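Enquirer: Sequence:
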Amino acid sequence: MRVVRFHEYGGPEVLRLETIPDPHPRADEVLIRVRACGVNHIDVMLRSGRLRLPGQQPLPHILGMEVAGEVIAVGDRVQRVRVGDRVLAAVVTCGACAFCQSGRENLCEERRMLGTHLPGGYAEFVTVPERGVIRLPDALEFSQAAAARTAFGTAWHLLIERGRLRAGEVVLIHSASSGVGSAGVQIARLAGARVIATTSSEKKAEALRALGAHDVIVYTQHDVVAEVRRLTEGRGADLVFDVVGGEVFLQSLQCVAKGGRVATCGAIRSDQATINIIHLFFREIEIIGATGSTQLEVEGVLRLVAEGRLRPLIDRVLPLSEASQAHRLMEEGQLFGKILLVPGE
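Position in the sequence shown (from 1) plus 1266 gives the number in my numbering.
FYI, nobody ran anything at the bench for these hints, they're computed from the structure. Mixed in with the good hints, there may be bad ones.
What follows is a list of derived Cβ distance ranges for each label pair [what the hints assert, rightly or not]:
#1 Gly1321 to Arg1401: 24 to 34 Å
#2 Arg1346 to Arg1549: 44 to 54 Å
#3 Gly1434 to Arg1575: 17 to 27 Å
#4 Leu1373 to His1273: 25 to 35 Å
#5 Leu1319 to Gln1591: 37 to 47 Å
#6 Arg1292 to Gln1520: 44 to 54 Å
#7 Leu1325 to His1290: 21 to 31 Å
#8 Gly1277 to Ser1467: 18 to 28 Å
Below, a list of computed lysine to aspartate or glutamate pairs in the DMTMM-like style, where the Cα atoms sit at most 20 Å apart [as the list claims (entries may be wrong)]:
#9 Lys1470 to Asp1481
#10 Lys1469 to Glu1550
#11 Lys1524 to Glu1435
#12 Lys1524 to Glu1499
#13 Lys1470 to Glu1597
#14 Lys1469 to Asp1481
#15 Lys1524 to Glu1493
#16 Lys1524 to Glu1552
#17 Lys1469 to Glu1552
#18 Lys1524 to Glu1550
#19 Lys1469 to Asp1489
#20 Lys1470 to Asp1489
#21 Lys1470 to Glu1493
Remember, it's a predicted structure, so these values are computed and weren't measured experimentally. Where is the CB? At the ideal position from N, CA and C, for every residue including glycine.
Make a model of the complete structure from these sequences and hints.
Expert: Below is the structure:
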């Protein structure tokens, strides 16, 4: 089969299109023909070597954690998935730890991600343990599923489950033109919140207004903190959605209202920030971490997408052979929504 792998850490140019033997499912695995695979910031960080996680694949490494496709073979012990099923795969959990047993499998002690710990979807085929497979609603296209799984699952978990967003609240969404940011705008609107979004250009700002953002701040032209204070009459946002990290995370702490929440699920720009602790406790600011999403949350957002109540934004679809170009576009911030790789193109 054709795959894209990297044999050393570095820039997008280290991604190579290669041919390797087709995989075969073990007893508890299914074999999926990949129809679409989302490109995620974690792919970029893993490829560059900036992110190293315990248990990740040795080199050469196949990226791709957002896989949609059809099952073409199953192992002897597979029970609930059948050949021909249209499925989505990204994360595999143990099912036995306290977190899995309590429905918080996103915190599973043995959580493994495709493209990180297991060979991923930058390939024509991928094997996945049955526990890591979710059936797709009939009305959902493969491209929609691949674009929605991580972006909408993560945004829902951060805003609704962890961030406790309520109708009538003001939410500030940084990097709102990204896949997870644009998902956050739609989910926040669905929850009845007022949405303030940030982005890098007026062109993207127009698209965000069309998506439902009430106010958009172009951070290359305006002071974000000053604009948030102006738009909220000095109060600040009840909840801040931060996937950027670094200096933007410090900015988030200045944008949040007294008694408000700053929720983070990423560190695209930097994983380091120096915080004024006095500012936190005097203003009773909560800092909330959010990682991934649960299967119930993913199934819920997929239903909403299938019903047309949420809409994954796909900036472009590229063939597998152009994976390095996809990574360059991610690094340059030239996207509005998700970018997908399609092996068959």
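Enquirer: Hint by hint, note whether the structure agrees.
Expert: Each hint tested on the structure:
1. Gly1321 to Arg1401: 24 to 34 Å: The hint (24 to 34 Å, Cβ to Cβ) holds, given that glycine 1321 and arginine 1401 are roughly 27 Å apart.
2. Arg1346 to Arg1549: 44 to 54 Å: 49 Å, holds
3. Gly1434 to Arg1575: 17 to 27 Å: 20 Å Cβ-Cβ, so the 17 to 27 Å window holds.
4. Leu1373 to His1273: 25 to 35 Å: Holds, since leucine 1373 and histidine 1273 (Cβ atoms, about 33 Å apart) stay within the stated range.
5. Leu1319 to Gln1591: 37 to 47 Å: 25 Å, violated
6. Arg1292 to Gln1520: 44 to 54 Å: 51 Å, holds
7. Leu1325 to His1290: 21 to 31 Å: 22 Å, holds
8. Gly1277 to Ser1467: 18 to 28 Å: The hinted range 18 to 28 Å holds for glycine 1277 and serine 1467, with Cβ atoms some 24 Å apart.
9. Lys1470 to Asp1481: 12 Å, holds
10. Lys1469 to Glu1550: 36 Å, violated
11. Lys1524 to Glu1435: Answer holds: lysine 1524 to glutamate 1435 is near 13 Å, not above 20 Å.
12. Lys1524 to Glu1499: Cα-Cα ~13 Å, so holds.
13. Lys1470 to Glu1597: Holds: lysine 1470 and glutamate 1597 sit about 17 Å apart, inside 20 Å.
14. Lys1469 to Asp1481: This hinted pair holds, its Cα atoms lying about 14 Å apart.
15. Lys1524 to Glu1493: 17 Å, holds
16. Lys1524 to Glu1552: 10 Å, holds
17. Lys1469 to Glu1552: The given pair, whose Cα atoms are some 33 Å apart, is violated under the 20 Å limit.
18. Lys1524 to Glu1550: Measuring from Cα to Cα gives roughly 6 Å; hence the hint holds.
19. Lys1469 to Asp1489: Satisfied, since the Cα-Cα distance of roughly 18 Å is no more than 20 Å.
20. Lys1470 to Asp1489: 17 Å, holds
21. Lys1470 to Glu1493: 17 Å, holds
Of the numbered hints given earlier, the model fails hints 5, 10, 17; all others are met.
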